[in-house]
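Trainee: Both chains are sitting in their own frames, so use the hints and assemble them into the complex.
Taken in order, these protein sequences are the chains called A and B. Take the first sequence: its position 210, counting from 1, is numbered 212 in the numbering used here, and each next residue is one higher. Take the second sequence: its position 4, counting from 1, is numbered 1128 in the numbering used here, and each next residue is one higher.
In case anyone wonders, no lab produced these hints; they're calculated from the structure. Certain hints may be false.
So the derived label-pair ranges between C-beta atoms look like this [to be verified]: (1) B:P1153 - A:K203: 47 to 53 Å; (2) A:S173 - B:L1158: 48 to 54 Å; (3) B:L1185 - A:V134: 24 to 30 Å; (4) B:L1185 - A:R185: 53 to 59 Å; (5) A:L63 - B:R1151: 31 to 37 Å.
Residues from chain A that keep clear of chain B, each with C-beta distances beyond 10 Å, as calculated [stated by the list, open to error]: (6) A29; (7) L67; (8) P149; (9) V166; (10) P206; (11) A233.
Heads up, the beta-carbon is just placed ideally off N, CA and C, and yes, glycines get one too.
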Amino acid sequence: MSTIQLLPLASSIIILVFAWLVLRRYAVRRGRHLLIWGIGLLLFGAASLAEAYSATAWHPLVFRLWYLGGAVLSAAWIGQGTVYLLAGARLPNLLVSLVFGYATATALFIILGRLGLSTGIVAALIAFHGLVFAAAFYRMFVRRWHPQRLATVLTALLVAGSLVAAYLIFSIPLDGSRFDAGRALSAQYREILPPGAVVRKLTPVFNIYGTITLVGGALYSAWLLWRKEIAPHRVLGNILIAAGAFVIASASTMVRLGLGDYLYAGELLAASLMFSGFLLATSKAGSTASSTEAAGA
Amino acid sequence: MRNDAGRPPGSTRSSRSARAARPALVRSPLYRVLVPAAVVLVASGTVIVLALAAAVLLGVLPYPGR
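Just chain B, same shape as in the assembly (with noise of 0.2 Å):
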């Protein structure tokens, strides 16, 4: 005997259960846009960061009091 979804009853991985473990954020286009937006601004701001660190570190860049 099969339900609705063709899977035998008790099944826990109906298309209504993986419905629900989803939730109602990760679906909105907001949420969707500006997470990749904001880990590649981190990203990119840290690797500036970084390299002006690695500058001083290097001598490239003057260190004040050095």
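Excised from the complex, chain A in its bound form (with noise of 0.2 Å):
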């Protein structure tokens, strides 16, 4: 068995136990955060599945639900667990106050940008005019809103900017007679994919979003319970969860740099280190040293 077969057979090993562990909880807790995250955590392991799957033999429906789940929805999805769980606390707030602030600016300012500026000028309104933006959407929506209605809006803005990513990964045409089972998917799929597809630029934004979301939530949570000198183990499980998805994140990084062929290898590491720390945070001595749910996990 090759290497870019192995390791993502492992990660998928990995993560389908994650998910199945996550959702069993759900079924017991009832928690809604478990249940996105347990969505997210699936995505991820039908990705890895996929890659598995891909250095064996080529099918079009394979190719499509590996960038559908692993490069564009994953991240996304397991962040906005996160989101759920810790929605109404203040600097998760201005978390995603800056997400769509800088969203609005980006978006804004890209289509100005076919008028004419200069590359370094829209970064530059950008940057100004994304925190202006973050200012007004907390002032106006965030901070006036129930938590639990901030969390469905960003899931149903999820949920429709997903079935989008969808369409746009059905309808595109593929060429697979540039497939080479012998090389990582990642390393391979520029050439694949129809050269400009929307969806392809739509991918880091979803990447963005859930890295925010998922090593901010992590790294809030941690810190949060360091500070009130309670449960150190899901402190360490929330960096833990926080590194992994920081692994992921550069990983994914490296490949719109041209750098695919990490990412298989940076799936298993992300995948050890997310589930450890899960196993970690939920640990009987942990839970019972600690109280609070809003530890993560």
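Mentor: Here it is, written out as structure tokens:
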């Protein structure tokens, strides 16, 4: 068995066991964040299985599922679970406002950028107006809304975005003749997708949102518990989860910079770190030492 | 009638129980230093990664194959 088959297979086993434990926890405790995490992890696991399959043969459906589940949606859905967990707390609300402020500014000035403004000016305009829009978004909506309402609105946006991404990836033609079973999908997907496909421009938007919510949420939980001097297991567990999310975000960014060969190893490391963090955060010693569920997991 | 801590008998907020609520690991100097260091490290790394991703998205950095 080759490395490009073994690595994603190992990742998928870890992630699917992780997803099963999270969904079993949801069946017992009924926290909506657990359900959303479970969905995100299933997407991650399905993408890893698609990678393992693609080391043996080409199938367009498998490729589309890999791109949709792994490259576009999994980080955002896992991060969305954290939004449900922490909605209402001040810092996470500010983070969400920043994400939407910068998303709005980016969309606006990329459109204006087509009018002939230089890249540097567009970047400076986005940097300034992102903060302005974030402050406005926080004051007008986030601060006034009930936490549950905020989480529901964000989930509705994520579902709508996911459907658009699914439509885009299932409606574009693929060039299967460029597929090489001996290479990682992340190292050759650009040649298989048509040049300039819109879905590729959507991918960083989902991933930036997922990274900010997942890493930010886990670090916020760890910091909160560390400051209160309780539940060290949850503190360490959350740091491991944040480190895992950071590793997968780094690997994804490397793919965008043309270094796709490292993605499978990054996925395995990220899966191992996040799963270890989950096990540590939900261990008996951790849960008996703390009375707060807001610690994550 | 009050106990040694000056609280009524049966009070759960004695200094002994307050100490027992703090796990040993929390009092370790290594834990006190390493946790904030790890939080700052991961947060800084994430900001750099996000900045790179945003730079690719905006076209400041080249997107291979585009």
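Trainee: With reference to the structure, classify each hint as holding or not holding.
Mentor: Results for each hint:
1. B:P1153 - A:K203: 47 to 53 Å: With a Cβ separation near 48 Å, P1153 (chain B) and K203 (chain A) satisfy 47 to 53 Å, so the hint holds.
2. A:S173 - B:L1158: 48 to 54 Å: holds, 49 Å
3. B:L1185 - A:V134: 24 to 30 Å: holds, 25 Å
4. B:L1185 - A:R185: 53 to 59 Å: violated, 23 Å
5. A:L63 - B:R1151: 31 to 37 Å: violated, 55 Å
6. A29: With a cut-off of 10 Å, A29 (chain A) remains clear of chain B, as the shortest Cβ separation is near 30 Å.
7. L67: Given that every Cβ of chain B is farther than 10 Å from that of L67 (chain A), nearest at about 21 Å, it holds.
8. P149: It holds; P149 (chain A) is separated from chain B by about 23 Å at its closest Cβ, greater than 10 Å.
9. V166: Given a closest Cβ separation of 17 Å, the condition holds.
10. P206: Label violated. Min Cβ-Cβ 5 Å, cutoff 10 Å.
11. A233: Nearest chain B Cβ is 8 Å from A233 (chain A), so the label is violated.
Checked against the numbered hints above, the structure violates hints 4, 5, 10, 11; every other hint is satisfied.
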